[in-house]
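S.K.: Spelled out from the first residue to the last, the chains are:
There are 2 protein chains.
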Amino acid sequence: MRAGRATVSSSQLATLFGFTDAQVRKDLAYFGHFGHPGIGYRCDELIAEIRRILGTDRQWTVTMVGVGNMGRALLRYKGFSAQGFRIVAAFDRDPRVIGSQIEGIPVFDIAQLGDIVRQQHIQLGMITVPAADAQQAADQLVAAGITGIVNFAPVALSLPEHVGLVGVDLTTELEQLAFSVANRTRSR
Amino acid sequence: MRAGRATVSSSQLATLFGFTDAQVRKDLAYFGHFGHPGIGYRCDELIAEIRRILGTDRQWTVTMVGVGNMGRALLRYKGFSAQGFRIVAAFDRDPRVIGSQIEGIPVFDIAQLGDIVRQQHIQLGMITVPAADAQQAADQLVAAGITGIVNFAPVALSLPEHVGLVGVDLTTELEQLAFSVANRTRSR
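Note that the protein sequences, when read in sequence, are chains A and W. Residues in the first sequence are numbered from 2 upward in steps of one, following my numbering. Residues in the second sequence are numbered from 2 upward in steps of one, following my numbering.
Only chain A is shown next, with the shape it has when bound in the complex:
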């Protein structure tokens, strides 16, 4: 779209992503019939379909629990809002930050988490507290009715089955790189 093109073929997508044509077609076909014979994919249709598949065709309200270094960095990260993730509240237990705003996002006492998540119908939570506090933060989010959690704390969380969970271990990214370098292969 940015390049001013209206359509794209599976082989062009394959070249861009380093897959085979067949893999691109097979992966997309898993979700429905998007292509047009002899044309390929219409870019606007394909983007809309992928956004629908990913669930980024809507606004999600998000909260951040923990506004230490990682939390602050994420609050300042512009990519979230561009994809429809609106961070509406942050929580911490440090009295020096409670009551402040970071990038316009109010920081509340973590003791208020349940009330505010319920009042504001917050759907997703990001956990950036220290590992020792992460399970408690997750339990509070779940009790308040959150439907999904991204966990940046380096610890495995135990959550009920109905709550979505994505764990982000930043060390894993460096391990992937070390693996690719140590094995002289290209990981991506």
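Be aware that one or more of the hints could be misleading.
Identical copies look the same in the list; a pair holds intra-copy or inter-copy alike.
[Unchecked claim] Here are the simulated SDA-like cross-link-like pairs (lysine to any residue), alpha carbons at most 20 Å apart as the crow flies:
1) K79 to A132
2) K79 to G69
3) K79 to P155
4) K27 to I48
Quick caveat, the hints were computed from the structure, so don't treat them as lab data.
Got chain A; can you put chain W on it based on the hints?
M.R.: Frame of chain A; chain W shown alone:
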């Protein structure tokens, strides 16, 4: 190991990770023969083998290009050194941070990147500059002989084939979560 156990079976690992026994055995068998019939895996052997496979059985020297919010958060992240990733130098072009130290790591002028990476035999680079500056930072790292890059900037980098690349797009983590919530499945 932390739980004081000397051995672990593939079915115990499978339960921990949410895979099947067969998948655990098949995945590990891809890299060699680690198990002992009737015993399972010896924890110390398995950890050593996995560290060898990942390339985390050695020390890696790492540099960080860009010490804005994300760079600072990563410099303060303790998980890297625990896995053998030693950040020895950081670079920025902002005169207010050049010459300072963050968590004991010196911040140099990005103009010195080539010299310092060569002198200190730095192996891996993390890029946390804005998207518009990321390719230039990558080119400087590659010219200085770096063997792998973790890219946190939300842009695709073009690198020579011999350089390892891992891209981290934080928005992708939220998209994964939105997908799992929107589709009522558990992504992990």
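S.K.: For each hint, tell me whether it holds in the structure or not.
M.R.: Hints, one by one, checked against the model:
| no. | hint | verdict |
| --- | --- | --- |
| 1 | K79 to A132 | between (25 Å within a copy, 11 Å between copies) |
| 2 | K79 to G69 | both (18 Å within a copy, 13 Å between copies) |
| 3 | K79 to P155 | between (24 Å within a copy, 10 Å between copies) |
| 4 | K27 to I48 | within (17 Å within a copy, 37 Å between copies) |
Violated hints are absent here; each numbered hint is respected by the structure.
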